[in-house]
Amino acid sequence: MSEEAPRILLEYGAWPAHRLLDCGRGRKLEQFGDVRLIRAEPKAWWRPRLDARAWAAAHAEFGEDGRWKRLRDDTPERWTLGYEGLTLEARLTNGSKHVGVFPEQEPHWRWIRERLAAKAGGAPASVLNLFGYTGVATLTAAKAGAQVTHVDASKPALAWARENQRLSGMGEAPVRWLLDDAFKFVSREIRRSRRYDVVLLDPPSFGRGPRGEVWKVENQIADLMDLLRKLVDPDSGALALTLYNLEAAPLMLHNLTRDVFPRGALEVGELVLGGGSTPSLPLSLFARWAGPEA
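The opening residue of the sequence shown carries number 1 in this note's numbering; numbering runs sequentially from there.
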């Protein structure tokens, strides 16, 4: 008898500091705080809904040459955004269309807070954030009382995350910031017999470690997940995986995660922005697993 087909969920980001204003023809128009930006978006195949005037009001646009083009004199290079007591720095950095936060990840930040709240009252939960980038999930977990290990292979990303920690007034928060390759770090933690209550991983499609280690998600994610089963308690642990590959699908993440964690609750779907008068824009796939006692 075949396994019951999984439900595919749509999780909408709901963060007051960010709005998806419009999207279409391979671009998206967003507002981060008071700053309106245009960025490429390969998943936006349809026509935009707003007229050209709305798009012309943007502060800056990320161009095909990999540089930000300032469209208004009042365009800041850096500004801050608030999230649940955190202060996060957004930046326009040539060479990257990303500004330091991924607002579609907001449902995961909520999931972290809710899961840690359920564990309150005992020893602090231990959280591992692999591919942690600028630290929003890390600081969310730390603010909720967890002891967090944050791993990233990028020195600039780690410095940015530490700056977010400083801006948020969390200098004493129990966070280990580590510049490391995910595979090597996880392998060492297994040898040390470490265990984590919650593991978060948001791997890039392609990347390099601090010593040039090559990462290709389609070739290595299954092996990494297999290692992570040794770091997470199969009964009381939890794990959240996000993936931005255009070629992937939620069912693939379901099969991958269920293969590693055959017991417990598993939900899969897509992280989405927009809705209502704005087209719903799917941006990331996700799988969230929790053991039967979690």
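Rather than coming from a laboratory, the hints here were simulated on the basis of the structure.
Fair warning: there could be bad hints in the mix.
Unchecked claim - As a list, the in silico DSS-like pairs of lysine-lysine whose alpha-carbon atoms are at most 30 Å apart:
#1 Lys-119 - Lys-69
#2 Lys-143 - Lys-43
#3 Lys-119 - Lys-216
#4 Lys-43 - Lys-216
#5 Lys-230 - Lys-216
#6 Lys-230 - Lys-184
#7 Lys-97 - Lys-230
#8 Lys-216 - Lys-184
#9 Lys-184 - Lys-97
#10 Lys-143 - Lys-155
#11 Lys-119 - Lys-43
#12 Lys-43 - Lys-97
#13 Lys-155 - Lys-69
#14 Lys-119 - Lys-230
#15 Lys-119 - Lys-97
#16 Lys-143 - Lys-119
#17 Lys-184 - Lys-143
#18 Lys-69 - Lys-43
#19 Lys-143 - Lys-69
#20 Lys-69 - Lys-97
Item to check | Numbers of unmet hints, in rising order | outcome: 1, 2, 3, 7, 11, 15 and 19
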